Amino acid sequence: MKIALFTETFLPKVDGIVTRLTKTVRHLVEAGDEVLIFCPEGAPEQYMGARVVGVPAMPLPLYPELKLALPRPAVAEALEQFGPDLVHVINPAVLGLGGIWLAKTKGYPLVASYHT
Numbered sequence: 003m004k005i006a007l008f009t010e011t012f013l014p015k016v017d018g019i020v021t022r023l024t025k026t027v028r029h030l031v032e033a034g035d036e037v038l039i040f041c042p043e044g045a046p047e048q049y050m051g052a053r054v055v056g057v058p059a060m061p062l063p064l065y066p067e068l069k070l071a072l073p074r075p076a077v078a079e080a081l082e083q084f085g086p087d088l089v090h091v092i093n094p095a096v097l098g099l100g101g102i103w104l105a106k107t108k109g110y111p112l113v114a115s116y117h118t
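With my numbering as the guide, the letters of the sequence shown map in order to residues 3 to 118.
Calculated directly from the structure, the hints in this document are not laboratory data.
Hints may contain errors.
[Unchecked claim] In silico DSS-like links for lysine-lysine, alpha-carbon gap of 27 Å or less:
#: 1; residue 1: Lys15; residue 2: Lys108
#: 2; residue 1: Lys25; residue 2: Lys15
#: 3; residue 1: Lys4; residue 2: Lys15
#: 4; residue 1: Lys4; residue 2: Lys25
#: 5; residue 1: Lys106; residue 2: Lys4
Since the structure is predicted, the reported quantities are computational estimates derived from the model, not experimental observations.
Input sequences plus hints: build the corresponding full structure.
Written out as structure tokens, the structure is:
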């Protein structure tokens with residue numbers, strides 16, 4: 003299965019969301035799924051065999067370790083080229099809302115989850 007993940011936070015940040023997400027990615031890849039991760043820029047280009055697409059982001063003024071990534075046309079192009087069987091949006095905010103919109107407009111199955 004080809005699974006696209008949209009997340010507002012990913013490596014190198016370490017928190018509960020990232021910890022849960024990295025474990026999920028590892029399990030998906032080990033099960034033979036192909037995973038594409040969209041996240042704020044600054045993450046490694048690959049994680050456990052999953053391709054990571056860093057999206058230009060800006061830090062929040064009162065919470066600078068959290069970066070908000072604004073969806074760009076390159077995100078839509080990468081998603082369409084990947085052709086996911088499922089889009090999973092984790093803790094939807096700005097980038098996640100872009101992922102939801104893309105999934106709905108392109109007709110990709112969509113799930114969303116919220117983690118702390």
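Failing hints, ascending?
-> The structure conflicts with hint 1 only, although it agrees with all the remaining ones.
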